[in-house]
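Student: Residue numbers (my numbering), protein chains in the order written: chain Z, 1 to 407; chain G, 1 to 228.
To be clear, the hints were calculated from the coordinates, so they are not data collected in a lab. All clues given are correct.
Estimated spans, in silico, between C-beta atoms of each pair:
(1) 24(Z) with 138(G): 22 to 28 Å
(2) 141(G) with 15(Z): 21 to 27 Å
(3) 141(G) with 20(Z): 15 to 21 Å
(4) 16(Z) with 77(G): 22 to 28 Å
(5) 141(G) with 16(Z): 21 to 27 Å
(6) 205(G) with 397(Z): 33 to 39 Å
(7) 129(G) with 302(Z): 39 to 45 Å
(8) 138(G) with 358(Z): 55 to 61 Å
(9) 358(Z) with 118(G): 51 to 57 Å
(10) 16(Z) with 3(G): 36 to 42 Å
Quick partial rundown of chain G residues pointing at chain Z, CB under 8 Å, derived from the structure:
(11) 59
(12) 79
(13) 82
(14) 91
(15) 99
(16) 102
(17) 110
(18) 114
(19) 115
Here a beta-carbon is modelled for each residue, glycine too, at the ideal position from N, C-alpha and C.
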Amino acid sequence: MSTAVAASGMSVRDLVNEALAGLFARPGRTVLTVLGTVVGLAALVATLGLSRTAGNQIVGRFDELAATEIQVKTKLPQGTPIPPGALPWDAPARLRRLAGVAAAGNLSTVNVGDALVSTSPIHDPQGRTEFKLTVLAASPGLFDAARATLGSGRTFDEGHSLRADRVAVLGPNAARQLGISAVDDLPALRIGDQLYLVTGILAGTARQADLLGAVIIPEGTARQEYRLASPELVEIETDIGATTLIANQVRDALRPDDPNTLRVAFPPEPKRVREAVKSDLDVLFLLLGGVSLLVGALGIANVTLVSVMERTGEIGLRRALGATRRHIAQQFLVESGAMGLVGGVVGASLGTLVIVAVSAHNTWTPVLDPLVPLAAPVVGALVGLISGTYPALRAAYLEPVDALRSA
Amino acid sequence: MAEPVVELYGVSRRYGSDAGRVDALIDVDLRVGAGEWVAIVGPSGSGKSTLLHILGCLDVPSSGTYLFCGIDVAGLGDRRRAGLRCRAIGFVFQAFHLLEHRTVAENVMLSEVYRRAPHGPHRRAQADAVLSEVGLTGRAGFRPTTLSGGERQRVAIARALMGSPDLLLCDEPTGNLDSATTHTILDLIADLNRTGMTVVMITHEHDVAARAGRQLRIVDGRIYEEGP
Chain Z
1 MSTAVAASGM
11 SVRDLVNEAL
21 AGLFARPGRT
31 VLTVLGTVVG
41 LAALVATLGL
51 SRTAGNQIVG
61 RFDELAATEI
71 QVKTKLPQGT
81 PIPPGALPWD
91 APARLRRLAG
101 VAAAGNLSTV
111 NVGDALVSTS
121 PIHDPQGRTE
131 FKLTVLAASP
141 GLFDAARATL
151 GSGRTFDEGH
161 SLRADRVAVL
171 GPNAARQLGI
181 SAVDDLPALR
191 IGDQLYLVTG
201 ILAGTARQAD
211 LLGAVIIPEG
221 TARQEYRLAS
231 PELVEIETDI
241 GATTLIANQV
251 RDALRPDDPN
261 TLRVAFPPEP
271 KRVREAVKSD
281 LDVLFLLLGG
291 VSLLVGALGI
301 ANVTLVSVME
311 RTGEIGLRRA
321 LGATRRHIAQ
331 QFLVESGAMG
341 LVGGVVGASL
351 GTLVIVAVSA
361 HNTWTPVLDP
371 LVPLAAPVVG
381 ALVGLISGTY
391 PALRAAYLEP
401 VDALRSA
Chain G
1 MAEPVVELYG
11 VSRRYGSDAG
21 RVDALIDVDL
31 RVGAGEWVAI
41 VGPSGSGKST
51 LLHILGCLDV
61 PSSGTYLFCG
71 IDVAGLGDRR
81 RAGLRCRAIG
91 FVFQAFHLLE
101 HRTVAENVML
111 SEVYRRAPHG
121 PHRRAQADAV
131 LSEVGLTGRA
141 GFRPTTLSGG
151 ERQRVAIARA
161 LMGSPDLLLC
171 DEPTGNLDSA
181 TTHTILDLIA
191 DLNRTGMTVV
201 MITHEHDVAA
211 RAGRQLRIVD
221 GRIYEEGP
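Hey, can you work out the whole structure from these sequences and the hints?
Tutor: Here it is, written out as structure tokens:
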């Protein structure tokens, strides 16, 4: 014999050449198969990037509103009458002296007994003219601290409170009930028998939703007319990032004699909230991207399996020419892996473009972990390899005699 | 007889279990010497393809001994049997088995892939040489689909000749060809045989078998020597 019996072998270069030739043999089908992975990975990269980008927007707004609010109450159970001095009347003034406090105001529910709120009598036997409305007492700074916006007129000031003027500001819901839409005609209302001039109507409020349906009178008026003993809560608006610092100082500022009687409520550490929000969004979007990728993987598996069945004759020929089972499996795995890799590269590029386009359209700052587009081709190749494993094994375990016969 | 290339001693091939057993080959003894051209004739289902697959190390006998150039094939693993196929055996099939998306030269060079042959102009030069040997000079860049049946079979023969095999196995090499082309292909095989190539050819056509130096008849899995 002129040849020694050495095992057959295949160089990496030949393996890659043969796999590429196999892919380019049916370029249309290869492109369509790769398209599945492209869509899957583009969706994955885009959703991950958009979740980060959108998350940043959401968290930014959350920080601005929630992370700048502090509420101070007594530790007494809800509904318990608050004793005099539990919270000082001059709490807003004391708090405004702290660096980092943007606004502060007191708010209390006024016990008006059975008194109903009414406007000027209208002769309408069918309609109601008297309503049971919540009456709140507020210090002038509360409107700023609660980020209330005025729809009409003005809010009351320190002078109104000091003089105990009978003036009121209406929440938008209360105003609608009472049939007051503007203050140009100096409308008035009655709480029981007492007449109050309506100075303003709120358009809305970012905090303290109770204000929306209430009649709000000055704190000084409530103290004189309804014997309000103490503020019920203090609403504080801080500068961004100052919440924790202010929260630690509030008790000593308001009750240096007995700071432990106060309960200070402030939102969790913004950083933690940001992480939680991002994490929730990431899980959702990852799930969506994962489903897309699974569809792409099934596409590769399906097409590779069809390709194995179509190329039975070629497999038989290669076995006859000296290919081992391993060579056959390797070729199909490289083909499916290459499809995944190309899908990953194109998908990552498309996904990144989508993020940039959406961000540009919404004037957002695009945020994307640089590892995501770099990892996408690796993920694509892995998906291709995993998808191609079963078809490759089927090809490898075809008996050469059967493969040649069925061709 | 010259140094034997193929030696079969009591080779049998059975398929299936005891209940549905098919004996494709029964106790076959065969010796083919170097430089011989042996034709194996038989009707469909007689076992001639099974014999060819065993000779080509694509299948293994259920019992008996197969020595290829003195080497007991039963003692070789899958990878070494594959090595034997790519280095010492050339196959020519009735259906040509050419890859239609590859050029003629690429088809001819396909077996080099599994021989770990060095890359570069050497491969192409060898392919051009065998293409010239089978009369296809100038067809290297063509696709098989643009060639006639006879030309395709000559490409398949060229592919089988790459690596200078010890044995050329032809499975109905003229089965898909008209009579004129059949003669051309048989002339080519005869030329190769004259240069010392050992050829085992399977056919069901007696006039094709008549071109071989020695004819064997296979019936129901048993092999018989036929007179000249």
